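Novice: Let the sequences and hints guide you as you build the complete structure.
Protein chains in written order, with the numbering used here: chain X, 1132 to 1239; chain F, 608 to 720.
In case anyone wonders, no lab produced these hints; they're calculated from the structure. Hints are not guaranteed to be accurate.
Just a sample of chain X residues kept apart from chain F, beta carbon distances all over 12 angstroms, derived [stated by the list, open to error]:
no.	residue
1	Ser1143
2	Pro1148
3	Asn1187
4	Ala1194
5	Arg1212
6	Ala1214
Taking lysine to any residue pairs in the SDA-like style, the calculated list, with each CA pair at most 25 angstroms apart, reads [claimed, not checked]:
no.	chain 1	residue 1	chain 2	residue 2
7	F	Lys704	F	Arg716
8	F	Lys648	X	Gln1173
9	X	Lys1134	F	Ser650
10	F	Lys648	X	Asn1144
For clarity, every value in this text was computed on a predicted model and none was experimentally measured. Heads up, the beta-carbon is just placed ideally off N, CA and C, and yes, glycines get one too.
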Amino acid sequence: DAKTTQPNSMESNEEEPVHLPCNHSTISGTDYIHWYRQLPSQGPEYVIHGLTSNVNNRMASLAIAEDRKSSTLILHRATLRDAAVYYCILRYPNDMRFGAGTRLTVKP
Amino acid sequence: GAVVSQHPSWVICKSGTSVKIECRSLDFQATTMFWYRQFPKQSLMLMATSNEGSKATYEQGVEKDKFLINHASLTLSTLTVTSAHPEDSSFYICSAKRTGRGFFGPGTRLTVL
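Specialist: Below, the structure is given as structure tokens:
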């Protein structure tokens, strides 16, 4: 199974951009890259997903490397409500396994 | 957007009793649902994949006789923790698959005394 590697934790200041990296060197050509986030005591929440091209939505942007072995979730202006654990997942929802994720702390 | 609900949101039970947790897709039909368990400060651990009208597929190390899963309709899957013990205390989360995305329930916190 394709695995992902993310930093355990990151910090950001409020209203500054945040770049959350994810490495997935064993990704296959048909694997989609999905990002979810989980706020304390809640179920995960969909953020964004993509295959090859960069993607934007109202929550975030997803930048995918040309070789697709890494990707970056970009929060353009972090708010206190963005403090959560962010998970990068491949082949979701066919491969439903979560890695450890990155715990994002946002400082006021 | 698609909504997945869980009931109850929290439950406290005595050791040795059974607890049923419901997962419903409120505005779409889900042929496949997933059940997870999450311990404090840890990631979600996939327990089983629930397919409507067929037997669930359990992950390695998950006791199928202890964690009974029933997916009797396209909008409802249930997880029953049988003969619960304190070590089963955890946060249980379900997810329903739709159009290439997963939609998660809010979770059920189980405390076994």
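Novice: Look at each hint and say if it fits the structure.
Specialist: Hints, verified against the model:
Distance check for Ser1143(X) against chain F: the nearest CB is about 20 angstroms away, which clears 12 angstroms, and the non-interface claim stands. At roughly 25 angstroms from the closest C-beta of chain F, the C-beta of Pro1148(X) stays outside 12 angstroms, upholding its exclusion from the interface. Remark: the non-interface label on Asn1187(X) is consistent with the geometry, its nearest Cβ contact in chain F lying 17 angstroms away (cut-off 12 angstroms). Ala1194(X), annotated as away from the interface, keeps every beta carbon of chain F farther than 12 angstroms; the closest lies near 20 angstroms.
No beta-carbon of chain F comes within 12 angstroms of the beta-carbon of Arg1212(X); the shortest separation is about 17 angstroms. The Cβ of Ala1214(X) lies farther than 12 angstroms from every Cβ of chain F, with a closest approach of about 15 angstroms, so its non-interface assignment holds. This hinted pair checks out: Lys704(F) and Arg716(F) have alpha carbons roughly 22 angstroms apart, not beyond 25 angstroms. About 13 angstroms separates the Cα atoms of Lys648(F) and Gln1173(X), which keeps this hinted pair within 25 angstroms; it holds.
The suggested pairing of Lys1134(X) with Ser650(F) holds, with an alpha-carbon distance near 14 angstroms, which does not exceed 25 angstroms. Using a Cα cut-off of 25 angstroms, the hinted pair Lys648(F) and Asn1144(X) holds, with the two alpha carbons roughly 23 angstroms apart.
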